[in-house]
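S.K.: Sequence:
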Amino acid sequence: MTSQNNPESPSDIPPPERPPKGNHTLVIIAAGVLFAGLCAAVFWLSERQAQKMGTGFPQLQEQAFSLTDQNGVMRSNEDFLGAPLAMFFGYTYCPDVCPMTLSVLQIAIDELSESGVDASDLQVVFVTVDHERDTPEQLAAYLSLFDMPVTGLTGDAEALKAVQKSFGIYAKRVADTDGVVLWDHSSAVYLYDRGGAFSGTIVFEEPADFVRQKMERLLR
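My numbering puts the first residue of the sequence shown at 1, with every later residue one more than the last.
Watch out, some of these pointers could steer you wrong.
As the list claims (entries may be wrong) - Simulated restraints, written as ranges between beta carbons of each label pair:
no., residue 1, residue 2, range
1, 141, 66, 17 to 25 Å
2, 145, 170, 24 to 32 Å
3, 174, 113, 36 to 44 Å
4, 174, 208, 25 to 33 Å
5, 115, 178, 41 to 49 Å
6, 180, 220, 21 to 29 Å
7, 79, 179, 32 to 40 Å
8, 81, 148, 16 to 24 Å
9, 216, 173, 21 to 29 Å
If you are wondering where the hints come from, they were derived from the structure by calculation, not from laboratory data. Glycine residues also receive a C-beta, built at the ideal position from the N, C-alpha and C atoms.
Build the full structure now, drawing on both the sequences and the hints.
M.R.: Right, dumping it as structure tokens:
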């Protein structure tokens with residue numbers, strides 16, 4: 001009679017080896033390093049793009065405009081030379097992008113100030129795209145809601161269109177389903193250094209770390 005080898009019972013089969021516990025930690029560390037590297041690469045590329053844009057983007061002294069601020073005073077582009085500038089185009093009835101962008105700038109300024117960076121001479125300028133509703137009085141009421149100095153600028157339709165064209169701003173009046181007037185508009189913040197040279201942009205929903213780094217570089 002030929003003998004047959006009996007198959008091993010489940011209890012005889014050794015369990016699979018478990019990876020050392022340290023491997024999980026190494027994976028987490030590696031993932032963190034990779035993420036940090038990707039963030040650094042994205043920031044470097046954005047800075048390179050800003051430098052390329054800056055070579056062909058007009059300096060502030062070339063962006064001539066004359067608009068009225070929230071105090072009824074006529075202001076020109078030359079009034080903002082000599083100090084770092086963050087300029088944003090929007091409107092006071094904006095439901096999301098405009099208040100969020102101004103809040104992001106406010107948070108970045110507060111954090112930089114707390115870390116010892118002097119942001120006292122930073123100029124934040126809010127140029128409306130809605131000449132019909134954004135009067136100086138409306139701008140004053142709206143901008144008072146933010147805990148930072150902001151200069152609001154308005155003007156007639158022709159003056160605002162000229163400024164938008166000069167800065168390459170897109171702005172189009174639309175209406176939602178309820179008939180409420182809204183505006184589609186460019187959402188980037190334009191940055192200029194003390195000499196009036198274009199320094200780059202802050203795009204909507206840009207990571208907070210990138211915003212702080214760009215603002216800190218602007219304030220140097």
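S.K.: Any hints this thing doesn't respect? Which numbers, in order?
M.R.: 6, 9
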